[in-house]
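Q: Next come the chains, spelled out residue by residue.
2 protein chains.
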Amino acid sequence: MFESASLKHYVDKAVYRREAAKLRQELLNAQYDLMQNGRFPVLMLIAGVEGAGKSETVNLLNEWMDPRHVITSGFFEPSDEERERPAQWRFWRALPPKGKIGIFFGAWHTMPIIQRVMGEINEGEFAREIAEIQRLEKMLCDEGVLLLKYWFHLSKGQQRKRLKELASDPKTRWRVTERDWQYFKLYKKFVKVCDPFLRKTSTGESPWIVVPGANARYRALTVGRHLLAAMRERLAEKPVKRQPDKTPPLAPPPADRLNVLRALELDQPMTKAEYAKELEKWQGRLNVASRDARFRSMSVVAVFEGNDAAGKGGALRRVTGALDSRSYRNVSIAAPTEEERAQPYLWRFWRHLPRHGKFTFFDRSWYGRVLVERVEGFCSEADWMRAYTEINDFEGALLRHGVVMVKFWLTISKDEQFRRFKQREKIAFKRFKITDEDWRNRKKWDAYETAVCDMVDRTSTSLAPWTLVEANNKYHARIKVIKTLCRALEGALERAGKAGKKNKKKK
Amino acid sequence: MFESASLKHYVDKAVYRREAAKLRQELLNAQYDLMQNGRFPVLMLIAGVEGAGKSETVNLLNEWMDPRHVITSGFFEPSDEERERPAQWRFWRALPPKGKIGIFFGAWHTMPIIQRVMGEINEGEFAREIAEIQRLEKMLCDEGVLLLKYWFHLSKGQQRKRLKELASDPKTRWRVTERDWQYFKLYKKFVKVCDPFLRKTSTGESPWIVVPGANARYRALTVGRHLLAAMRERLAEKPVKRQPDKTPPLAPPPADRLNVLRALELDQPMTKAEYAKELEKWQGRLNVASRDARFRSMSVVAVFEGNDAAGKGGALRRVTGALDSRSYRNVSIAAPTEEERAQPYLWRFWRHLPRHGKFTFFDRSWYGRVLVERVEGFCSEADWMRAYTEINDFEGALLRHGVVMVKFWLTISKDEQFRRFKQREKIAFKRFKITDEDWRNRKKWDAYETAVCDMVDRTSTSLAPWTLVEANNKYHARIKVIKTLCRALEGALERAGKAGKKNKKKK
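Residue numbers (this note's numbering), protein chains in the order written: chain A, 65 to 571; chain B, 65 to 571.
Among these hints, one or two may not hold up.
Claimed, not checked - Quick look at which bits of chain A chain B covers, simulated, 3 or more residues with Cβ under 8 Å: (1) 187–196; (2) 263–270; (3) 282–293; (4) 313–327; (5) 452–458.
Please keep in mind that the hints were generated in silico from the structure rather than gathered at the bench.
In this text, a Cβ means the ideal position worked out from N, Cα and C, and glycines have one as well.
Next comes chain A alone, as it looks inside the complex (with noise of 0.2 Å):
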């Protein structure tokens, strides 16, 4: 990757004063396009070895265009906030709106590379974290961010002599650390690795730009150039009517009438008084395990999904009494914000993600990318046929965080929706709760119900399975609701006391 980078580039200053100045003109112009087109977000990424200029260059981005739209993240130590969140959360959150340019010192590369050169990682934990890398990246591209990945290169005998020269100078000294030069002789290890990691992580759709850093006007003028052309390129792309379909069909025509919510036996039995002991106790056991010491190095992300008037509200109040206000937070899905439709459709859901110690619960959730967008095409089909995998990804990262996940799909019959809706349109401070949309979505029973099938059979796994609930009774499904989240939670405090002790017994 780096043999055009090797090269001895240069540009003098005569030429570098000319060119700078027609290119800040035209940046400046592509960027105030950029936010008229409103259509996309450009994404840019700064890496590559140390005293190879990328700081600099950050700076002169933001001096040659207007600042108050290009968003500079730089991302060194995790805060405190962010170390209690899965790794790629403190990325979602800084990810550029559309019609904004986006700058990410240093990104979700940066640790895996580190880790192998030190040999913390494998040869296999690395290639997971690249696949992992790519799948990110590739959701980024399809979601229609401008992915543009910068790499700056210095040979080590151009390495060697730019830290003595930072080092040299009492203004810059600062800026050389014991760990730079600690770096600097692992320069062979770190090409080594580098190397395939940049051609293994170039896509078509995003390239890694290897950018020579050693001379600061060459080094400018070709990330400036690049930047300005990748901009100018895609906003003279016309928005395209018609995209090729290259899914086949998820599922066959059935052949027969039997699935995963036709086989449940949805009267379950439960009286009014079952229900009140049943429920004292669940609730009691766990507002204990939400007290629990352990609990304040995990979190809880349920999912509550289930028909129109299946019962979600109600069996998440009866969980929600059993906890202390401050420790969770309702989040209720419906048609997205502004903000959030300047975004990947994930962003919205990361950015509730809870903190240790606490839960969120999200009435409706991504899952609508695979049911009302796919059954009222609010979206391609390519769009939610590639949401299963993104998916099972963004809940893989929580999992991998710790997140003790329980997801809910509560089911009713069509009569018993029938007779939910006329009693809601029937009682005065229930009528809310009814609209014309619950009419039209029974309409749809059938294709929803396939939606149904399609996302249990696809994003069901071992660590985050869909617990089916039989909800035409609704104290039956309450308890089973919650039963099945305390439940979660009181096995994640139990492994996470028995790993405790283990650590304890090594140390």
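Knowing the structure of chain A, use the given hints to seat chain B on it.
A: Below, chain B alone, put in the same frame as chain A:
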């Protein structure tokens, strides 16, 4: 993944008889339309647990459709031909051409899954295999293949029942082997490996379809109907006039005139006498190396690329002059044949890969994709942009198999090319070597230069680096080529020798 498939699906005889008759007719029609359309091939992967009806389904599909246009390939123990080539070779040579249906009974997923279940590879190695499969399948889909992946599932109870049935019937007893029972004992482990595998390798363009295997009629209708729906959907797709271009520019507009080609000193000194001496020496060494016993377990692939009239042919003849003519094959790459055009573009190169103990010399190669096809616009920008990764993957597969790879770019100056063109026009027996096309290509000198630099940057790897050959002096060029090739082979022989000794010591 197995939630729906674990239900007791069932189709009764009368329904089946009626539906199957209809389906057969429709499948035949679709097959005929596929041939007429001729724009894409269908590739069905048949996978899953033993006893779930894979082989019955394959037979049925052959019975239902016109078997002359269905190409069924079973992959069991590799043949000696196959063992001496990279693992993927057997799949490439079985790919169906456009307009036909290929059925792979077992495929690239089979070995990694079994090896993981048996503990022969670890999590990290398995992750790498998955990443490779993802890239291979993405490439096939990008090349237009309609890839349909069927996973035949049985619950543990169903599998036990089925194996017992087969074993108790004298007519089918032979089908149940010791290994089937061994795998059956590992049922849970298989599910634990396969469930995430299926999710990770499901994409929008090629999701796994899980087929419940217990009821023969249900599974036959399921596979047949899905195949039909998928073919019909793709056949109904009209060719898209303009694909959205989502690729940013590959390299910035250059800020100086320097690049890896211009940095070369093209006029290298070498007299005829020196040349004769050197040639004798290196031809001798190459001949010795080619007859080394250790060469019988490796092979050589050499790529000759370069400017028109740079002397590729002449350099190649000096190499082959040192070899037994039975040990090598020259493959000259021009326009693809009709058969080749009906396949993914790398197919025509896979088919020529040498067995152990052999050389293949490519006079022009797969790099045409990122050179002539890019410059002349024979393929879309998205196509050649993704080709860098595809080529790296292709060469990676060769390298992992122990193939010795050498890649030459022969460079001459624009003036030297002019001189040689003129000379060729004058000499009668050389006139066939110069055509109008050569003069046309020459006009695109700069565009080719950019393409070559990108190619060198993005496909030079530590084990398969590009060797840039200064070729204004033919003597120098020929010696550099044969010397580089000879040393690469000698190095590989030496490493093989060391590895051999190590293995002997271990024993």
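Q: Hint numbers the structure violates, sorted upward?
A: The structure conflicts with no hint, since it agrees with every one listed earlier.
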